[in-house]
Structure formats: C-alpha cells, structure tokens
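Peer 1: Given next are the chains, with one letter for each unit.
There are 2 protein chains.
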Amino acid sequence: MLLLRCCHRLTRACPFNTQRHRGAPALASYAFRLWSSSGSSGGEGQRSYLGASWKHALVGLVAGTGAVLAYSLHHHKAEQTETPLEKRSALPIFTQEDVTGHRTLEDGVWVTYKGGVYDITEFVAMHPGGDKILLAAGGALEPFWSLYAVHNQEHVLEILSEYKVGELSAEDLKKQQSVTTSDPYSSDPVRHPALRVNSLKPFNAEPPPEILSDSYITPSAIFFKRNHLPVPQVDPGSYRLYIEGLPGGVLALSLEDLKTKFPKHTVTATLQCAGNRRSEMNKVKQVKGLNWGIAAISNATWSGAKLRDVLLAAGYGPDVAKWARHVQFEGLDKDVSGTTYGASIPLNKAVSEEGDVLLAYEMNGEDLPADHGFPVRVVVPGTVGARNVKWLGKVTVSAEESGSHWQQNDYKGFSPGTDWDTVDFKSAPAIQELPIQSAITAPADGGVVERSSEEVTVKGYAWSGGGREVVRVDVSLDGGKTWQVAQLKDGENEAPPPPGRAWAWKLWEVQAPLPPEAQELEIICKAVDNSYNMQPDSVPPIWNLRGVLSNAWHRVKVKITEDESGE
Amino acid sequence: MLLLRCCHRLTRACPFNTQRHRGAPALASYAFRLWSSSGSSGGEGQRSYLGASWKHALVGLVAGTGAVLAYSLHHHKAEQTETPLEKRSALPIFTQEDVTGHRTLEDGVWVTYKGGVYDITEFVAMHPGGDKILLAAGGALEPFWSLYAVHNQEHVLEILSEYKVGELSAEDLKKQQSVTTSDPYSSDPVRHPALRVNSLKPFNAEPPPEILSDSYITPSAIFFKRNHLPVPQVDPGSYRLYIEGLPGGVLALSLEDLKTKFPKHTVTATLQCAGNRRSEMNKVKQVKGLNWGIAAISNATWSGAKLRDVLLAAGYGPDVAKWARHVQFEGLDKDVSGTTYGASIPLNKAVSEEGDVLLAYEMNGEDLPADHGFPVRVVVPGTVGARNVKWLGKVTVSAEESGSHWQQNDYKGFSPGTDWDTVDFKSAPAIQELPIQSAITAPADGGVVERSSEEVTVKGYAWSGGGREVVRVDVSLDGGKTWQVAQLKDGENEAPPPPGRAWAWKLWEVQAPLPPEAQELEIICKAVDNSYNMQPDSVPPIWNLRGVLSNAWHRVKVKITEDESGE
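Taken in order, these protein sequences are the chains called Z and E. By UniProt numbering, the letter at position 447 of the first sequence is numbered 447, and the numbering carries on one by one without gaps. By UniProt numbering, the letter at position 358 of the second sequence is numbered 358, and the numbering carries on one by one without gaps.
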C-alpha cells in the first residue's frame, strides 16, 4: 500500500510519459520505499524528495556503465502500478538550440528524451556511470540509452521525470526522430544456446557449471563472455595495432606483422571476471553489478606474440624503464561518444620474461572468436579479466595507469563497512592479480543424491591469481566440521608450470561415501595456493558494494533421498 | 586415577631409572591416557602397548628437531607420580663394542643412555625428528639430548625405557662418563630481559606485543629470535662464504670481499616465523611446535650484497638458468653430528633484480647481532623466516631443493583432516611466500577499558608475503558484525615500495568511540593485500598438524569497566 501511495503521489506530481516495462518494478519499488522513508511532502518541490538515502539507493540500484541488474528481472514478481501517460505537459517549449546551450555544469546540463527537456545538472554527481552522462549534455539521451540497456527500466524514467523542465519544440522533435538510432548491438555474433545470459546488451553470459567442469580447456563457444560494449566489427586486413609512448614514435602493426614478425607463444590461462560469484554477495546485501553465478571463469589456450617482444621491438629499453610504470590498453569497442574500453597493467608484468603477457590472435587453436576479441586481444595471465582487453586497438607505455572508468572507478575492492556514501575510489588499488578461488560445479545446490548410490562425487575448479599454483583443495560434506583432500587434475599433456607461472586452473574431484546418518549434505570446498593463501570462510565479511572478489568457501546443500523401492 | 594406574603399571613393568622433571608430567599424562585407551595388558610384552593411537600421540607430543613444547611447562600443574628408580637391572651386560656393532636398521639400532643399553630399531620410524636419530646409533644419546632440550622430559625417558635390552659394562660406562659433554649453548649471547622465551636451548623468544607495535623498525634486541641450534661462534677475520654449483668452481668470499667488492644494498623487510600465532591453533587442538604468540614477526633494515650480484660474479648466467631451479643455503650452526641448518629458495627469486635477496651483514645499521646470523645471513624478503638462513656458510646453485629436514619434512602446510598417520610431506610444497597476516597488539586479550575514556585505541601490524602490499585493515569492535577501516602507517622517511616489492609490514591504528551499550568488546582485525588476498575467518578450518600458517582473523576480548568514582 505504501508503494502504491508513493507511486500515485509521484505520478500526480510529475505528469510524465512513462512506458510500462514489465521487468523492472521490483527495483523501482525498492527505490520508492526508500524515497518514501526519506522524503517529506512538499516544501521545495519535487526534488526535495531526493534525500540522502534515496540517492544512495539509486546509486546502488542503477548499474554502472555496461552493467545490468538483470537478476531482479528473474527474482521479483512485478508489482504493477498505473502511471497515466500524458503526451505533452503545460511546461515551457524549448528549441534544440536552447537545449544545446546547456552543456556544462556551469551553464546547466540539459538533455532531451522523447520530446521532453530535462535539466539534469543536479543529477550528474549522482549518476552511477560517472560523468559519462555529460556526453549527452545538450542533446538526446536515446542514442546512449540504446547502448546501455540498464536504462530501459521504469525507475530510470521515473528518476528522469523529476528533472523535467519543458518540452522540445515540435519541429526539433521531428528532426530528432528522423535520425535513425540503430541498435549498436545488431551485429553482435550468434551465441551458444547453453549459455546463461546475465545481460543481452552488452552481452554477458556464463556456461552452466556442470558443463564447465567437463573439460580442462573450456570450448570457446561456452567460455564465459563479459562484454562492456557492442562487439566491434574489425576487418583483419586493414586492422592496425598502435604501440605508443616509446622513443621511436608510434609503431603500427598489421595482423600479419604480429603473426610473422614475432615468435608465436602459446599459454594456457584461466580468465576470471572480478564479479564471478557476485550472486552470493547479493544474497547478503544487494550490490551493484551483473549477478554472476560461479561460472564467470573459464580456461583456454591462447596463442600470439609476447607483449614483451613487441614492446622491445617498438623501442622499450632501460631508459624507458626509468620513467614508465604502466602499460595501457585500449579496445576498439566504443560507446556512441567514441569512448573506448580501456585498462592498464603494471609495467613489470608487461615486460617481464616470466609474465607471459600475450597479444593473442588465437584461442584454443583457432582465430579469436568475435566475442573474445577478434582479431587481437591482450591475455594477461594471472590477472583479472577486465585487464585482458579485447579487440585491442592501442598499447601505450606510460607513467600513469589507464584513466578509464573501469580502471579508476570500477573493479576495486572495499571494506564491508564502505557504502556509496563513503566510498573513495582513489583509496583502493585497481584489481590486478586475483585471490585464491574455488567452487563446486557438481552436485548443484539443492540437488539430490540417492541413498542407494552409497557415495557422492563432488567436482569443481580451483585457481589463484599471479601465477600461484593451487596446491590443495579441501572438501567437507558436513558443513566444515571435517575435511578431506580432493584429487587435483591438470590438463592432459600439460607440462607442470614453471615456478610462479601457474596460469591455468585445476579441476578437482572427491568421491566419498555417504555418511550413513545424514539426511542432507552441506558440501564446502576451499582451496590453497602455493603461497598458502586460503579462501575466507564466509561472505558477509568480504561483502563490498561493487560485489567483486567473491571468493569465500563455496557451499552447496544436497538432500539424500531414501530408496523408494521399499524393503 | 586412570593416570596413576597406568603409571604404576608402567613402572612395574619397566624398572627404569627415570628422573623426576617437574615440568613435563602434563604431556606425559596425555601420552599415558592414550596409551591406556589403546593398550591391552600383556601378550607380546611391553611393546604391544605401542598401539597406533599412542604412537601418533607421541609423535604429536614430542617436538621435532629443535622444537620444544615448552608452553606445557607453564600451563599445566604437574601431576606427580612416583616411579621408583633402580640403578641397575638384571638385564644382560653389554660392552661398548657390542653396542657399536648395532648401527643400522639391518643390524639393529642400539644406543646407550646413563649406562643403559637400548635397542631402538623399532622406534626409528616413529622418531619425530626423523632419521637424525641414527646419528646416535651405536653410541651414547647424551650429546644429542644436550643439544635438543626437548628430550629433557619425563615421558621421553619413559618411551626410551620401553626399549631397554641391557646394561653397559661398568668399564665402558666409566669411559663414557669421562668424556666431557659440554653444553653447546654455553656460548649463546646474553638476551634482552623483555623477551618472552618459548625455548632456551635452542633459543626462541618473542617480544611482548605491546612493545612490538611501538616502533616501525623493531630494535634488534627485541626482534624475535628463532634459532634451531646453538649460536655458532664465527671469527669475522677468517670467515669465508662459499658459492658452489656454478661453472667457475667454488668461489670463497671473505667478509671484506662481500663488503667491498659488491654494491651495498639496504632493504627494509619484515621476517615472520612460519609458526607465528601457533598458540591459537594449539587452543583448537594440540599441534607440534613452539607455542608462539602473535609476535614471532618483526621488521628491520638489512644491508648487504645482493645475492644476485654475487651469483653473477660467481659465474651464474643463461647456461646455468637452463638447468638450475633452486639456490640452497647452509648455516654454520650445526648439531653434534656436524649437520648444519639448511634451506633453499627458488632460483627465480634468488636471481631476479626485483627479488632483493641480500647476503646481509648489517641489521638496523650495525653488524648483525650473534642471534641474527653474525657475520652474514641471507635475507629473502617476502619469504618465511626459515629460508633466511643465518650464520651463512655456503650457497649452492642446484637443480634440487635443499634436502634438509627443515625444507623437506617441516615448514609445510596440510589440511585440517591430515594427521600424523596420514601425512605425506612430499605432497605439500615447502613454505616460501607467506599469506596475508595481521594481529592486534593493543589492547591485550582480557584487558580492560574504562567507560570514562569514551573511546578505545586499537593497534596492530599487518603484512603479506611475496612483496604484496597491505592495502587495507578492517577492524571490528563487535565480533565481526560491523567493520571500520584502520589507518595504515608506513615508516617515517620510507619511500613507497616499488610494485611487487612491499617487503615491510604496516602498523595500523583505529580510534573508535566505545559503543554505549557494550559491556565487552570483541575486537577483530583482518587485512587485505594488493592481490586482494584476505585472512580466513577462523582457526579450525586452517588448523594443521605442524601449527604453521596461523593467519585467521585475530581476536581479543576486552571488558568495559564502569567508573568507580560514582555518579
């Protein structure tokens, strides 16, 4: 009832043309509840409702650039309310020129959306995607929103409605509508139907866990996909990779150059998304980001030129080492403003002989698939997926880290006590090496084992960042009271990794008798790497507002069913 | 009563001259209880009492080479039983020649102790110190036991008594007693009275925690001491360091050579014993080893030649890199058999420019103190204390790890489910880099805070192995329900460490208001390094039979006392 009352108050106050989206109301309702608890009726008008707690709920709710809280679409039943649509309000009419005159925080930041004019100056600081919102200043929101599907939710429109100041003139609206806003995702490749999709645009999906542990090398088709932007179409013939920041000036390499002028190296390396297992953090308290299960991790064989070799050929040497500290990467995937995906890694990782950083053009013995960076991506073994930049366009040796959103204001870890009110992204290092990780791929949580089978087989994966080799996986069937050691499995024909260069995961397996008395098993796994790093026991103490680095013990519960054949 | 009954049965069966040691009976009683529960009366004689559980209790009880369960001396009140002493039994008389004829497992292994002759053939496999016991074969135990004070406990004598087969001839006994067995520890240096001694011989001690966090650089006098053997007396003038295993043959370097022929490097590095915080594991279930508190860790400034530079001068190069994998170190500290302390580190750590491994001759700006390796020790930053070999005599480049007891059969981590019955030391890697660690140095556990002070100051240290920098310490006052971020403190005048080379700890501090309702605080700390490794929540799941790698969250409880000044 509270929800309905709030919605009605909102719709009465803001005669805004909101479309109905069946998927989003659960999130919207959350925002409304917070709004209601913090707001008072009237006074300085509608914006006075934007109390502190509402603001933070909003920032927590709306996923950042390229991230979608799509899980809510599955988990919550829509609570629908009626918000009557009015095509045109009695607010003033503005021309496109009026709008274009408001493109800065000083002059005010105006945007248009479906014929409405909005002064979003005060919202800029609250935008979860950061000041990228300024790219739309003085123009239409539609091309940006078509890029970031996160905005296609009712509560986003409701937030926007708060800022409405007028209507765009009919003439300018007509002009705007004549501009084709094609779907930038229309040329994304076809994907494997087995993938569990977390977000369609940009495409983010993971394989079913039980398939994941079937093969040491993950087939490319089901290798987890984590795109931040539309997949770019790159012509391999005209492709050039630019190496910048070195004394000899810019070096431009064709795909052919990469393949023929540098030795081809092959590395088996596991990639893991920083958000793998985020869903377990969401169960503790809602976080911002894609609701990954346990399979935002996969293992492949990558081939290409060593980044070290290319940097040396491009002029890297001791003089550069004196001032350079980072190697930045830029992808060819970009948003409507032309901003490309970007990240960087420490220089010593990039130039070390033992770092094994590749400019890879093959995955599992074939050309890189479109979703994995065709024609060239960086593979940074032992390092979080986000730095393994796909569709690589530019490599820059620099004294500075990448200035990209993803390096500076995303993919960092914080204390469980840090919220969106107190977070200072400068206070935490960009995630590079990932901590020790493991998970149970079979049996599935909530599964069933028959008593007559007498034993249970538990399977999973384990991996650690920084080339640290997994040396042990402990498995418990009784919620952590007792532990047994799993059998670790390397790939067939895989030589043991040189010290400090264990880039690939280990699959593991335990076959254990069913405890005679147990009605249920609480199965837990925890791994140990060769620096004897251990996984933390539980999720709440490592919870963080971005839901990254979720590496607590993995737990699944399984029921034991008695035989039905009777005695 | 059970205890007394068992003791009486033992003493009746074994007329052995046991001396009374006030300190040891608690341990002995534990052994007896297990003995009692597993044994049956008679049959194949006394050795039938050596059932499996007794054997494992024994192995668990008796500390390994150079390790003493001295804590029991402090914690347990002696439960005294009378075991009447008999000087000479009615057993056969043997000559020293008879005894000397039994020096192998094939011929039988005999030893003498205070005039008794013992056939310990069956005990060799059970000896916690491994087959070092064979060094005494055919001879007297006394010189070995004077080296390893662990044997000076009643239950050890009682175990020995099980194996008595005869008496040494009076003539040979007289000869033996005329050999002076001087105390090999008599020339150990004088130590600081503030140190908390865990073992006198060999000397093992830690500073009080509240002193430890007073200074970023730990004064050498209170830097934790972990000796495995007596401190050797080394004449700096005749000292030679031998570098072996390289193409040019053996290189012998004087102390002067090290100081003048190689650049002097200075590194601030924290050293930590693998057993730091072992006492917390002992509270869960008894482990084997010194009962360290939280202060078997200290931080110092070390100066010396880079090992890399010395190896290059001695002939290390790409050809050697093809086959070499490890660099072994031997100390000049040795047992009566001449066996020296030894350890090794991976070659890539030793020869890397960024590994910062030193052949150190200075600690905190002065010559190395005797307890810390005078005149030269290895300092392997980021690596467990046990590999930082003191009183360094020899460096060997090799394809193999050190074969020493401490590298092969000690200082390794195992699953909590692994016991002395199932442990396979070959299955685990030698500890090198240590995992993330932190502890609270103030207030002390069981301490008191006055309500009137209104706030509490919590202090501690945090460190991680492998050059991984501590980036955050979370502190909870309410047993882990809520967390705040501590202020990290580097040393004054310390430059920020280069990436991957954060060898020194961080001290940290939190000042927080006292929660108004609380009667007690359960203070917890947990640290995070820049690979986002976290400490495990609790001790039982990381418990291991050797009690190493104890890095769960550190917890202290503090009472809040109301003002007594009245209202």
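The set of hints was computed from the structure by calculation and includes no laboratory data. It is possible that some hints are incorrect.
Repeated chains share a single entry, so a pair holds when one copy, or any two copies, can fit it.
[As the list claims (entries may be wrong)] Pairs of lysine-lysine, DSBU-like flavour, derived with a Cα cap of 30 Å:
{"hint": "1", "residue 1": "Lys175", "residue 2": "Lys132"}
{"hint": "2", "residue 1": "Lys174", "residue 2": "Lys283"}
{"hint": "3", "residue 1": "Lys557", "residue 2": "Lys175"}
{"hint": "4", "residue 1": "Lys261", "residue 2": "Lys559"}
{"hint": "5", "residue 1": "Lys557", "residue 2": "Lys426"}
{"hint": "6", "residue 1": "Lys394", "residue 2": "Lys264"}
Because the structure is a prediction, the values reported are computed rather than measured.
Peer 1: Determine for every hint whether it applies to the structure shown.
Peer 2: Results for each hint:
1. Taking the closest pair of Cα atoms, Lys175 and Lys132 come within 30 Å of each other only inside a single copy of the chain (25 Å); across copies the shortest separation is 91 Å, beyond that limit.
2. When the C-alpha separation of Lys174 and Lys283 is checked against a cutoff of 30 Å, the pair qualifies neither within a copy, at 46 Å, nor between copies, at 77 Å.
3. Proximity of Lys557 to Lys175 under the C-alpha cut-off of 30 Å is found in neither arrangement, the shortest distances being 59 Å within a copy and 70 Å between copies.
4. In the homo-oligomer, the alpha carbons of Lys261 and Lys559 never lie at most 30 Å apart, since the shortest distance is 58 Å inside one protomer and 70 Å across protomers.
5. Proximity of Lys557 and Lys426 under a CA criterion of 30 Å is satisfied in neither setting, with 39 Å inside one chain copy and 34 Å between copies.
6. In this homomeric assembly, Lys394 and Lys264 come within 30 Å of each other (Cα to Cα) only inside a single copy, at 20 Å, whereas the closest approach across copies is 41 Å.
Hint compliance for this structure: hints 2, 3, 4 and 5 are broken, all remaining hints hold.
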